[in-house]
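Asks: Produce the entire structure from the sequences given, and follow the hints as far as they go.
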Amino acid sequence: MALDLLTGTREPTGAPRATGARARRVASGALRLASLLVAVAVGSFALVSASPVDPVQAYVGAEARSLSPEQLAQIEARWGLDEPPLTRFLAWAGNVVSGDLGRSQIYGEPVATVIADRFAASLSLMALAWLFSGVLGFGLGVLAGATRGRVVDRVLTWWAYTLASAPTFWVGLLLLYVFAVSLQWAPVCCAAPIGTLPGEASLLERLHHLILPAATLSVVGISPTLLHTRQATIEVMASDHVAFARAQGERRAGLVLHRVLRNAAGPALMLQFASVGELFGGSVLAEQVFTYPGLGEATTQAALRQDIPLLLGIAMFTAVLVFVGNALGDLAHRWADPRLREAVG
Amino acid sequence: MLRRPARPRRVARTLAALAVAVTLAAGCGGTVDERSDGGGSVPTELTLAVGGEPDDGFDPTLGWGRYGSPLFQSTLLKRAADLSLTHDLATDYRVSADGLTWTVDIRTDAVFSDGQPVTAEDVAYTFNTAAQQGGLTDVTALERATAVDQDTVEMRLVEPRSTFVNRLVSLGIVPEHAHSADYAQHPVGSGPFELVSWEKGQQMVVQRNDDYYGELPSFERLVFLFTDEDATLAAARAGQVDVASVPSAMATGSIAGMRLEAVPSIDNRGIAFPTVPDEGRTTEAGLPIGNDVTADLAIREAVSRAIDRQQLVDGVLEGFGSPATGPVDGTPWHEPAAAVDDADPDAAIALLEEAGWVDTDGDGVREKDGVRAEFTLLYPASDTLRQGLALSVVDMAKPVGISIRAEGVSWEEIDRRLHVDAVVFGWGSHDPTEMYNLYHSAQAGIELWNPGFYADATVDAHLDAALAARDEETANREWRAAQLDEHGGGFTGDHPWAWLVNLDHTYFVDECLDLGELQTEPHGHGWPITAGIQSWRWTC
Numbered sequence: 000m001a002l003d004l005l006t007g008t009r010e011p012t013g014a015p016r017a018t019g020a021r022a023r024r025v026a027s028g029a030l031r032l033a034s035l036l037v038a039v040a041v042g043s044f045a046l047v048s049a050s051p052v053d054p055v056q057a058y059v060g061a062e063a064r065s066l067s068p069e070q071l072a073q074i075e076a077r078w079g080l081d082e083p084p085l086t087r088f089l090a091w092a093g094n095v096v097s098g099d100l101g102r103s104q105i106y107g108e109p110v111a112t113v114i115a116d117r118f119a120a121s122l123s124l125m126a127l128a129w130l131f132s133g134v135l136g137f138g139l140g141v142l143a144g145a146t147r148g149r150v151v152d153r154v155l156t157w158w159a160y161t162l163a164s165a166p167t168f169w170v171g172l173l174l175l176y177v178f179a180v181s182l183q184w185a186p187v188c189c190a191a192p193i194g195t196l197p198g199e200a201s202l203l204e205r206l207h208h209l210i211l212p213a214a215t216l217s218v219v220g221i222s223p224t225l226l227h228t229r230q231a232t233i234e235v236m237a238s239d240h241v242a243f244a245r246a247q248g249e250r251r252a253g254l255v256l257h258r259v260l261r262n263a264a265g266p267a268l269m270l271q272f273a274s275v276g277e278l279f280g281g282s283v284l285a286e287q288v289f290t291y292p293g294l295g296e297a298t299t300q301a302a303l304r305q306d307i308p309l310l311l312g313i314a315m316f317t318a319v320l321v322f323v324g325n326a327l328g329d330l331a332h333r334w335a336d337p338r339l340r341e342a343v344g
Numbered sequence: 000m001l002r003r004p005a006r007p008r009r010v011a012r013t014l015a016a017l018a019v020a021v022t023l024a025a026g027c028g029g030t031v032d033e034r035s036d037g038g039g040s041v042p043t044e045l046t047l048a049v050g051g052e053p054d055d056g057f058d059p060t061l062g063w064g065r066y067g068s069p070l071f072q073s074t075l076l077k078r079a080a081d082l083s084l085t086h087d088l089a090t091d092y093r094v095s096a097d098g099l100t101w102t103v104d105i106r107t108d109a110v111f112s113d114g115q116p117v118t119a120e121d122v123a124y125t126f127n128t129a130a131q132q133g134g135l136t137d138v139t140a141l142e143r144a145t146a147v148d149q150d151t152v153e154m155r156l157v158e159p160r161s162t163f164v165n166r167l168v169s170l171g172i173v174p175e176h177a178h179s180a181d182y183a184q185h186p187v188g189s190g191p192f193e194l195v196s197w198e199k200g201q202q203m204v205v206q207r208n209d210d211y212y213g214e215l216p217s218f219e220r221l222v223f224l225f226t227d228e229d230a231t232l233a234a235a236r237a238g239q240v241d242v243a244s245v246p247s248a249m250a251t252g253s254i255a256g257m258r259l260e261a262v263p264s265i266d267n268r269g270i271a272f273p274t275v276p277d278e279g280r281t282t283e284a285g286l287p288i289g290n291d292v293t294a295d296l297a298i299r300e301a302v303s304r305a306i307d308r309q310q311l312v313d314g315v316l317e318g319f320g321s322p323a324t325g326p327v328d329g330t331p332w333h334e335p336a337a338a339v340d341d342a343d344p345d346a347a348i349a350l351l352e353e354a355g356w357v358d359t360d361g362d363g364v365r366e367k368d369g370v371r372a373e374f375t376l377l378y379p380a381s382d383t384l385r386q387g388l389a390l391s392v393v394d395m396a397k398p399v400g401i402s403i404r405a406e407g408v409s410w411e412e413i414d415r416r417l418h419v420d421a422v423v424f425g426w427g428s429h430d431p432t433e434m435y436n437l438y439h440s441a442q443a444g445i446e447l448w449n450p451g452f453y454a455d456a457t458v459d460a461h462l463d464a465a466l467a468a469r470d471e472e473t474a475n476r477e478w479r480a481a482q483l484d485e486h487g488g489g490f491t492g493d494h495p496w497a498w499l500v501n502l503d504h505t506y507f508v509d510e511c512l513d514l515g516e517l518q519t520e521p522h523g524h525g526w527p528i529t530a531g532i533q534s535w536r537w538t539c
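Chains as they are written, first to last, in numbering that gives the first Met the number 0: chain A, 0 to 344; chain B, 0 to 539.
Calculated from the structure, these hints are not laboratory results.
Note that CB positions come from ideal geometry on N, CA and C, so glycine has one too.
Please note that the accuracy of each hint is not assured.
As the list claims (entries may be wrong) - To give a feel for the contact side, a few chain B residues facing chain A, derived at Cβ under 7 Å:
(1) 54
(2) 55
(3) 133
(4) 183
(5) 196
(6) 201
(7) 230
(8) 234
(9) 236
(10) 411
(11) 415
What the hints assert, rightly or not - Just so you have them, the derived chain B footprint on chain A, three or more residues with Cβ under 8 Å:
(12) 35-43
(13) 83-90
(14) 93-100
(15) 144-151
(16) 265-279
Replies: Put into structure tokens, the structure is as follows:
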């Protein structure tokens with residue numbers, strides 16, 4: 000068809016070739032993931048070992064003043080810190096291979112339990128924030144791109160730059176004071192109403208407690224998605240096939256919906272999936288402001304206080320998540336833009 | 000070609016619907032459980048945001064309950080509001096003539112929340128376990144605890160140690176039969192409350208233990224919120240908490256329905272001076288020792304007398320504090336006569352002149368034998384309070400001809416330079432062992448104790464005598480003598496430390512809640528307020 004010729008889109012190649020390619024892709028992906036994990040583990044451990052922070056001092060904190068050197072030596076022995084670093088790393092790696100991530104020093108619980116508990120809380124927060132920022136960022140980006148140079152575009156662009164430069168922590172506090180303290184529309188803290196026991200809170204209550212932290216966290220992701228989508232939209236709007244459609248008499252709304260959306264979605268999807276890592280960073284602050292107990296807080300504690308087993312556990316878990324995020328981003332991009340299927344396959 | 004965009008449109012529509020649903024949900028879920036304040040009915044539940052969440056759970060043998068109330072467990076002894084000792088699980092205790100054996104009688108009517116009685120075996124088990132565990136409570140003085148009979152425990156110490164009594168005060172007794180690996184998450188004890196649920200990093204719900212042998216608390220349920228400073232203040236402003244611990248810098252506004260309670264504490268701040276000259280000596284770890292300027296008593300005393308402590312309280316602490324007269328203000332072992340006459344620059348100048356510190360070149364800084372009266376005062380850069388104190392001290396010392404350079408550095412750097420430069424430290428404990436550590440010559444250069452290498456035979460003798468004392472009264476007398484004895488000895492006159500201020504810990508408390516008589520709190524703001532939680536009453 001005419002449009003296919005203009006945009007260079009062709010049908011995907013034959014099935015057998017695609018299957019072979021897919022198997023190869025999966026195998027190389029698994030290999031990359033494994034080497035990534037080893038690199039992350041070795042790198043994190045090396046960095047932590049080189050850090051000047053003394054884990055025992057960090058654990059005892061202000062308590063150091065009242066503990067005798069004998070007591071501090073006891074703590075060191077309980078954590079096995081009296082062994083040389085290489086011995087500790089090898090012992091840890093051996094356990095990990097057999098499926099045991101070790102015990103968190105500061106929480107006194109298995110690392111897997113800590114991560115599972117915390118991630119369960121973080122998941123809904125991050126998922127909602129991710130959805131917010133994706134939908135809003137993309138929608139507004141298309142709107143800005145389609146109305147390029149007009150007031151709507153200028154306001155949106157200005158807003159995006161403001162958000163990009165506003166610290167998450169500050170935005171969180173602002174939202175907290177406006178909506179929770181002054182207007183009292185939203186709760187001031189926690190994942191459930193104050194005083195409720197686990198499992199008592201209804202789904203609505205949970206959502207209600209989720210909304211401010213999620214809004215805060217989504218702020219991190221909106222601007223990049225918005226600005227990139229705007230750029231992509233502008234490019235598509237200037238392309239020949241849009242000119243062709245316009246010449247055929249299609250109006251702005253139809254043009255955007257039928258000719259632009261899918262083309263502009265590529266970069267937005269890529270960005271959105273690649274931003275999983277940034278969500279982690281942002282969730283630390285959002286969780287702190289709203290006392291929302293997630294993985295972010297555990298990560299800060301593990302890093303600040305040199306809880307090596309927990310820190311390594313979280314580092315590897317995050318690496319897997321980011322890797323999966325990027326892989327999904329690739330797939331989604333390919334789905335949105337058939338040209339890429341050809342190029343990679 | 001028109002078929003293609005159909006799918007994205009459907010996705011977009013679904014997402015839009017979802018967003019609307021979420022927004023609606025937020026709109027109607029908007030009722031937060033609000034107690035009817037002043038509505039006449041007495042609440043059975045309190046919500047507290049006073050921090051204090053332990054990372055590793057509620058196991059006293061690992062350090063839970065060092066401050067304030069262990070809540071779920073009970074201790075052998077307790078400190079009353081005036082910090083004097085009273086009985087709790089123990090009915091009596093005796094120390095042997097050699098000071099090595101402590102015999103404790105325990106009450107027989109106490110039961111754990113699982114119904115089992117509290118026995119001497121449990122007490123012995125608790126102390127022996129705590130002594131061997133690498134936790135945050137230091138029971139290394141204990142050699143062995145044994146149960147003599149059902150209600151008597153004998154504890155043998157490594158050496159005589161009067162301060163061991165503080166372990167009897169702070170160590171909550173755990174049941175031997177239920178002290179399993181997950182005890183810290185599911186504590187069982189004989190305290191006034193039982194744990195209902197603990198959502199880490201968020202909140203903890205506890206309920207009254209109706210089998211408690213002591214005075215029953217008047218509230219059935221307590222909710223502890225583990226919010227950070229900003230969220231705590233927000234929760235207080237939104238009327239959702241009854242007690243909120245806030246840093247004094249944030250305690251300046253007022254909150255409707257709440258009063259501001261400023262609780263005195265021995266959470267103090269003071270300056271440690273190197274007291275020995277720089278003779279090229281180093282510590283075992285290779286750190287340099289000594290400062291030629293602060294090694295001169297006249298300099299240290301002049302600084303201490305030139306400082307206007309009341310002005311520090313008003314200016315830096317916004318009034319939430321008191322001038323410090325020593326390291327242990329407000330405790331039974333404090334010697335009030337040891338206070339320094341301060342805010343007296345003239346006296347400071349006279350001292351310096353007499354000692355030969357004269358400003359010969361007219362630059363405003365005195366010299367002696369070619370050495371300028373000049374030294375560095377370190378403070379942790381992250382601590383704005385200590386920064387404020389350090390800078391104020393610089394201004395107060397300048398008129399008397401002493402030039403101090405205040406320098407904000409990391410703790411790691413302080414650890415390296417604390418024997419050659421003056422440092423602003425913070426201390427304050429219900430355990431006088433701290434005073435021993437700060438002033439005894441044997442503790443010089445160990446941890447952060449006695450960083451200035453102060454050594455005085457009389458002071459050492461008093462401190463040793465206090466530690467070896469067999470009863471509280473003798474011990475307190477010796478602790479006081481270490482500060483200032485009847486012959487004018489004691490560390491006060493040597494000024495190895497210039498104590499500056501004691502902080503007040505600030506709390507917003509519901510106007511209807513009476514907290515009873517409050518203890519002078521130790522270093523650590525927040526949880527210590529729970530020490531008298533059983534006597535809290537609702538007054539509206």
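Asks: Among the hints numbered above, which are violated by the structure, and what are their numbers in rising order?
Replies: 11, 12, 13, 14, 15, 16
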